Amino acid sequence: MIGGLFIYNHKGEVLISRVYRDDIGRNAVDAFRVNVIHARQQVRSPVTNIARTSFFHVKRSNIWLAAVTKQNVNAAMVFEFLYKMCDVMTAYFGKISEENIKNNFVLIYELLDEILDFGYPQNSETGALKTFITQQGIKSQTKEEQSQITSQVTGQIGWRREGIKYRRNELFLDVLESVNLLMSPQGQVLSAHVSGRVVMKSYLSGMPECKFGMNDKIVIDKQGKGGTTDDSGKSGKQSIAIDDCTFHQCVRLSKFDSERSISFIPPDGDYELMRYRTTKDIILPFRVIPLVREVGRTKLEVKVVIKSNFKPSLLAQKIEVRIPTPLNTSGVQVICMKGKAKYKASENAIVWKIKRMAGMKESQISAEIELLPTNDKKKWARPPISMNFEVPFAPSGLKVRYLKVFESKLNYSDHDVIKWVRYIGRSGIYETRC
Amino acid sequence: MPYFGSEETVKELKRALSNPNVHADRLRYKNYISKVIRYMTQGLDVSALFMDMVKASATVDIAQKKLVYLYMCTYASDKPDLALLAINTLRKDCADPNPMVRGLALRNMCNFRMPGMTEYIEQPIVAGLRDKASYVRRVAVLGCAKMHSLQPNTDIGRAKYSVYLNYYTLRDPSLCVLNCFRLNTGLMSDFVFSCVFSFRMKDLDSWAQSEVLTFLLRYRPRSDDQLFDILSLLDSFLQSAHAHVTVATLRLFLQLASAHPAVQADALLRTSAPLLATCGAASRELRFAGLCHVQQVMRSQPGLFGTHYKRFFCGYSEPTYIKFRKMEILVELVNDENVSLVLEELRSYCTDVSPELAQAAIAAIGRIARTYSEKCLDILTGLLALKQDHITSAVIQTFRDLVWFCPQSTAAVCQTVEACVDSPQDSEGKQALLWLLGEHGDQISSAPYVMEGYIDGLKTELSSAVKMELLTASVKMFLCRPAETQDMLGRLLHYCIEEESDVCVRDRALLCYRLLQRGVEETRKVVTGPKSDPSMSVLTGRQEEPISQWTATFNTLGPLSGRDLCPQTAVISAADQPSSSAEKELLPDDTDEEISLSLGSPLSHETFEKMWLDLEILHRQTLGSPRPRTAPDTLQAALQLVKIQTLAFTPGDTVPWKAYIYTRSTGTLILAELLQGDQQAPGSDESLVVSVKQQPVNQHAIRGFVSILKSVLQTLNVDSS
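Protein chains in written order, with this note's numbering: chain A, 1 to 434; chain B, 435 to 1155.
What the hints contain is simulated information worked out from the structure, not anything from laboratory work.
On a predicted model such as this, the values are computed, not experimentally measured, just so you know.
Be a bit skeptical, because a hint or two may be false.
Cut-off 16 Å, straight-line C-alpha distance, at most; resulting in silico cross-link-like pairs (EDC-like, lysine to aspartate or glutamate) [as the list claims (entries may be wrong)]:
#1 A/Lys59 x B/Glu752
#2 B/Lys513 x B/Asp479
#3 A/Lys84 x B/Glu752
#4 B/Lys893 x B/Glu918
#5 A/Lys11 x A/Glu125
#6 B/Lys513 x B/Asp486
Please construct the entire structure, taking both the sequences and the accompanying hints into account.
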């Protein structure tokens, strides 16, 4: 079990230290600093064993979070717990940065008190935690609130308070996906996957029951069997195969397993309903075609073509192509048809930015790179060309088919709820080797 | 002291905290308290403020209370007498009408780490167990566990009774009962078991599920029916969305169904998808954990991930620790279909910016070369053309290992080495090149000239290991090509004996010199050993291990820390193996039969290999009986019967026949090699030769071991004839 939790800044100064078990001494804090943060070489492993004490660390921007234990624990669980903790902290005060942690250190201690006890993870749902954390301090609780705490911990629905009321019942649903791609210079897909999240924001009164449907292959196939047979060919194309998915605690998994229907009582406010991953039939929004030619020892010619591969009516945004250049580059001439391209010597790359680009278009950049003659015989390793973009559709092909709200006790129905759905596809690690 | 002027700071804080004006202003007061906590976090000793802080706990502000409690818990063990004073405040809080305050006080009271606390806590805990707010009950249950860890032999019978009561009457769901599990003292596993049945695991959050699964590991089902009941109940968790739950379930399946290999195989098959998904998880740490577990599963089922090899291709921006793991997995996954793609991929890593990674990639290609030598040799030769020091060095080292393991590639390697113009610059690479030149000088026509270059540059050579290798290689070279080598060998010996300051090198030179004085034939006998040893690849080549070999460490830190931890644990388990080992040592060692062997925890191939290479041979003996002509399985089973574990052996009737075995005895680990030489070769008979290595040394145990081994072999021989 987790014996202690420490948070450091990039210099190795302790920002937060909380010890849960006796076997973790004060010197553990320093051991991690000396052996990992101040170590010369690269991080060898996310788990470090120093004097029979194991340190699990996660780095967020320049903040180190370390969980310490002397026992032989389940490593995956500790890591997942650290991520959960990051999520909880982000939900409370935004980005995890040194300044934010310093400003909220009382709050963090409060959080650490609740989410871990004696090294065992306890309730880690942001919504439910809100009742225990008294950020504002001086506020003696009323009888009503006290009873809430009791019902919250005992009740089945730990993530939602009772008696929520809104004048306007609204529901926002975002499908956020990130496409990851590794392509060979010949245009062969080496690996591609989409990791997506369904993020919701709900402002609903009472204890509503929601039902969410998407074009998951298993569901569609099931329905196809019941309906007409000639329809299955069409729907087969439009449904997607989800490799694995994770749900928010509120989703009734038993119902999902039996009927593949996603029904839940939503938490109030922001939350992540589901997380999924697909690997098949991914729509790759862009293709990068690189051409690198070495002209003699002091010159390189690079030509990169990007092709957008989606409906012409859609617009991709924030496109950025990063073409790495060798270390001994002395000068670069760039010609591009669209957008702006610049050679950034500090980053050793040509950065080509295009604000907007419609589907089924093509754009090209060509650059001449002059190299300094060196006697270094090292061949240039040719890092891959990476790309960033944002597109208004889901590259996995996921579609929301319906989202229904039922609330039996209060007098509003599914039609009264205003629903917003939006798809955003972003690039994850989108690389093409050259 | 890390912070200058710390005493001043503490004094100042003390003054501020006792200032009545500050007390009056709540906000200012709280600010000072958070300041104290901030200094405490930074490592300043603020224990002098204990009394003032205790006073500050009397407040309605819960946030302030939490901070003060945190302070108290940290310093209670330093100031036990003062902490006792604080207890009264805490006990008062335990009776507060607000459940939050009650829970908080109870939790922190249990966190006080000092002896003698139990008498004060016991009563509040028992009261807490009956509290009407479940928040408090949850805290109270964990309090029992804390109390137990503070004083392991406390009687918490009453508390335990209350837990039962609590469970059955109030039917607390999830957290409360879950904490009961954590109270792992004395709660019978039957109770745990009934809990799993009676409440729905699915309603628990993932932490809780993972924990319950871990607890179930201790449960021994009474019958097969019950076993299958449990397994079918937990079936859906094999594909849980949380990696840690999946892995925990898998471990439970593997461990509980150890008698049903079909169930195990099925569980492995079904978890392969979630495991692969973990390997592609967004967070790198989780990905790393996933990879390590995949590696472990592959020890028994190498084919399971064969078709998914592309998942293990490295991304450019991944951290090196992930890349290393992925390469190790790729090497294991190679088969006829994917070999060219995998090699292509590995080759692209060879030019990576990080020399470490590049070298690892080259070594990985070398591993594959043991099976697909032609393709790999092409790639390795191509890499030499890059003319980069670290790559050249790594390639030469790979060549050395390759030649040792598969002699059929010798000719090709020699050709390449001859064509290779530039030489490695680091000592490891130099040693490898020299070894190749010395061992296979007859096939590399330019060998003497390359070596001459080294001898001429001897004065600037820093590493003594290279010098020693150079000496040995030159002598070997002299044996096969005397005319070209004689002159430079003379110079080398002269320099090393007369001018060298390193004693080891000089001794080696003197040894060579005196050896040569005895005559060429004598030297040849001493210097030339076998040029390759294909039987060693039996050790490194993987066989499918039984699943039970690794279930015990699955889903723990073991697979993540990998090899580094393995020898340690092996030694630990060997050391504290039988508790009676100390007594046994005291027994007079009159008869060899006194010795008892035990299997202990299994050794991995890597551990064995490492120990085998590290240790010296303590004992060598001809056993006087030939290799039993029984099937290998019979031999293995027979050895197992007397608690000797077989690690690997040469298949079939190949000569030389070798087997590696190990066992444990009274605190020592015995490693042994059985060797049957070539029957046709002159000077060797049919009899087996055993070489024994041991850690730590215990001659008595070796004698016992050898005599047991002898009797087993004799019995087997009688049987088979």
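Now for the hints, and whether the structure bears them out:
1. The hinted pair formed by A/Lys59 and B/Glu752 meets the criterion: a straight-line CA distance of about 14 Å does not exceed 16 Å.
2. Annotation: proposed proximity of B/Lys513 to B/Asp479 holds, straight-line Cα distance about 12 Å (limit 16 Å).
3. Among the hinted pairs, A/Lys84 with B/Glu752 is inconsistent with the structure: their alpha-carbon atoms are about 22 Å apart, more than 16 Å.
4. Using a Cα cut-off of 16 Å, the hinted pair B/Lys893 and B/Glu918 is violated, with the two alpha carbons roughly 22 Å apart.
5. Simply put, A/Lys11 and A/Glu125 have alpha-carbon atoms about 31 Å apart, too far for the 16 Å limit, and the pair is violated.
6. A hinted pair counts as satisfied when its Cα atoms are at most 16 Å apart, and B/Lys513 with B/Asp486 qualifies at roughly 13 Å.
In this structure, the earlier hints numbered 3, 4, 5 are contradicted, and the remaining ones agree with it.
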